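Asks: Assemble the whole structure, with the sequences as input and the hints as a guide.
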Amino acid sequence: MATNVTTGLTREQIAQRVAQEFQDGYYVNLGIGIPTLAVNYIPSDMQVMLQSENGLLGMGPFPLDEEVDPDLINAGKQTVTMVTGASLFSSADSFAMIRGGHVDLTVLGAFEVDCQGNIASYMIPGKLIKGMGGAMDLVAGADNIIVTMTHASKDGQSKLLSECTLPLTGKGCIKRVLTDLALMDIEDGKFVLRERAPGVSVDEIKALTAGELVIPGDVPEMTFNRP
Amino acid sequence: MAGFDKVVNSYEEALAGLEDNMTVIAGGFGLCGIPENLIKEIKRKGTKGLTIASNNAGVDGAGLGLLLVDKQIKKMIASYVGENALFESQMMSGELEVELTPQGTLAEKMRAGGAGIPAFYTATGYGTPVGEGKEEREFNGRHYILEEALQGDFSIAKAWKADRFGNLMFRKTARNFNPMAITAGKIAVVEVEEIVEVGELDPDEIHLPGIYVNRLIKGSFEKRIEQRTVRSA
Chain A
1 MATNVTTGLT REQIAQRVAQ EFQDGYYVNL GIGIPTLAVN YIPSDMQVML QSENGLLGMG
61 PFPLDEEVDP DLINAGKQTV TMVTGASLFS SADSFAMIRG GHVDLTVLGA FEVDCQGNIA
121 SYMIPGKLIK GMGGAMDLVA GADNIIVTMT HASKDGQSKL LSECTLPLTG KGCIKRVLTD
181 LALMDIEDGK FVLRERAPGV SVDEIKALTA GELVIPGDVP EMTFNRP
Chain B
1 MAGFDKVVNS YEEALAGLED NMTVIAGGFG LCGIPENLIK EIKRKGTKGL TIASNNAGVD
61 GAGLGLLLVD KQIKKMIASY VGENALFESQ MMSGELEVEL TPQGTLAEKM RAGGAGIPAF
121 YTATGYGTPV GEGKEEREFN GRHYILEEAL QGDFSIAKAW KADRFGNLMF RKTARNFNPM
181 AITAGKIAVV EVEEIVEVGE LDPDEIHLPG IYVNRLIKGS FEKRIEQRTV RSA
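For the protein sequence lines, the chains are A and B, in the order given. Quick note on our numbering: the first sequence kicks off at 1 and runs consecutively. Quick note on our numbering: the second sequence kicks off at 1 and runs consecutively.
In short, the hints are calculated from the structure, not lab data. Here the structure is a predicted model, which is why all the values come from computation and not from measurement. Do not take every clue at face value.
[Unchecked claim] Computed footprint of chain B on chain A; a stretch qualifies when at least three of its residues, placed anywhere within it, have a C-beta under 8 Å from a C-beta of chain B: (1) 18 to 28; (2) 49 to 58; (3) 122 to 133; (4) 137 to 149; (5) 159 to 171; (6) 205 to 214.
Where a beta carbon is used, it is the ideal one built from N, C-alpha and C, also for glycine.
Replies: This is how it looks when you write it as C-alpha cells:
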C-alpha cells in the first residue's frame, strides 16, 4: 500500500466540505484542528451556534488584542469571544447537553476508524498519553458525528481499517468519515464511498482503504459550493 | 466565623486540616478558573501523597503543575494531562499514578459525589479502556458502564464573586468544573475576587448556594493565559 497520492484535499478544503453538513439552527461542537476551521465557511445567511465543552454555547471568533479575557476560553484553551445570544454553564451542564443528545452535529479528528464504526483518537501506547478530554463523551453522546482525518499515514498506511489497532475512544459510534481523499459512510460493517476528492480515483481510494469498501456505482467528485 | 459567615482571613486557615494522603477535588479548566492561591498554599504547606481530581494537571510551573515539583501528588484523576513535561516524566517513571477519566464523566462523578448519588450509568467509555473492569448494563438497546461518584476530603475552587455566606457567582468559562468540585468536598474551600455583604447579591443570580461552601477567602489572581489567540482588527 505505498501508493503515492498527492492530490487530496487541503485542510481548508476538508473544513469547507464539513461546513456543507451544517444546517440553519444547528448547535455544533467542533474538535480542535481541522474541524475548528469549518467556522470560516458557514454561509452568512445561516445561523449555527458553536458549543465549547468547557461551558460556552455561542462561541465567537478570537478576540481583538484589547478584548482578551483570561476567563473566556474554548476547549483548546484559546482565548475566544461570545456571540450575541451566547450562554455560559458548568462542565456538568455542558456534558448533559452532549450526552443527552442535544448537540446537532459533532466534528472531531481521529488516528484510526474502522468499518465497525469504532474510533481511536486519544492514545498511542508508549508514545502519546495525554488523555481523551471530552472526546469519549462526544462520540458516545452524539448521533450525528463526522470524523475528519487523513486517509493514510505519511508512509501510506491506511487509517481506515477493518479493526482499529489503537485503544478505542468509542465503540460502534461513527457513521461518517471525511478524509483528504473521500467522504464515506459506515453501514453494516462496511465503508461506503459517497464522494471522491477532485482528481482522486476510486482505485486510489480503494488501495488506501484497508477495511471493506463498497463502491455504489458512480461516485461523484466533491464540490465546494453549497447546493 | 460566626453563623453562616464563611470568610477566613488567611490561606493557612483556609487549608487548615489538609493532611498527607488526602483526596482533593479541584476546579478549573486548563489554567482558567483555577484556585491558584490555594494551590500555592498546598505547595507551601508541603502536603504529600495527595490524590487530586481535576480536569487538567496545570502546566509546567503553573496551576497544579506547581505540586509536581516536590512530588506532592501521588495520584491524578484527570481527562487531559498534555502540555506538562514534568507530569509526563513522573507518569512514565511510575512515580505518579494517573487515572484518565473522560471529561463529562469526571464532571458527573463530582456532581454525583456532591448530590448523594453513589454511581451512575453512562455510555461514555463503553468498549474502551475506560470501561474495562466496570459493570456493564443495557438500557433500551444501548450499552452503558457503571461509574462511581467522587468525593474529596477537601475541595479547592475559584469563583468570581461571593457574599459572606458563601453564595457564589462565577464568571464566563471560569465556571467550568468549579461548582461540582465544591459540592464534592467534605471541606469546600473557595477563593474569590470579591466578597460583598449579605443581601447585595440577587438570590436569583446566585450560581451556587453557600450551603456547599465551608471556607471563603478573597485572593488576587494572576490568571495566566495558556493560549493567547487574537485576531487583527
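Asks: Quick check: the stretch 122 to 133 of chain A, covered by chain B? Criterion 3+ residues, Cβ under 8 Å.
Replies: The restraint on the stretch 122 to 133 of chain A holds, since 6 of its residues have a Cβ under 8 Å from chain B and three suffice.
Asks: Test coverage of the stretch 159 to 171 of chain A by chain B using CB-CB distances below 8 Å; three residues minimum.
Replies: That given contact holds, which follows from 5 residues of the stretch 159 to 171 of chain A lying within Cβ reach (below 8 Å) of chain B.
Asks: Holds or violated: the stretch 49 to 58 of chain A covered by chain B, criterion of 3 or more residues with Cβ-Cβ distance under 8 Å?
Replies: holds (count 5)
Asks: Okay, the stretch 205 to 214 of chain A and chain B, do three or more residues pass the C-beta test at under 8 Å?
Replies: Check failed, 0 qualifying residues.
Asks: Count residues of the stretch 18 to 28 of chain A with a Cβ under 8 Å from any Cβ of chain B, then say if the count reaches three.
Replies: violated (count 0)
Asks: Examine the stretch 137 to 149 of chain A for residues whose CB is less than 8 Å from any CB of chain B, and state whether their number is three or more.
Replies: Since three or more residues must qualify, the claim that chain B covers the stretch 137 to 149 of chain A holds, with 3 doing so at under 8 Å.
This entry does not satisfy hints 1 and 6, going by the numbered hints stated previously.
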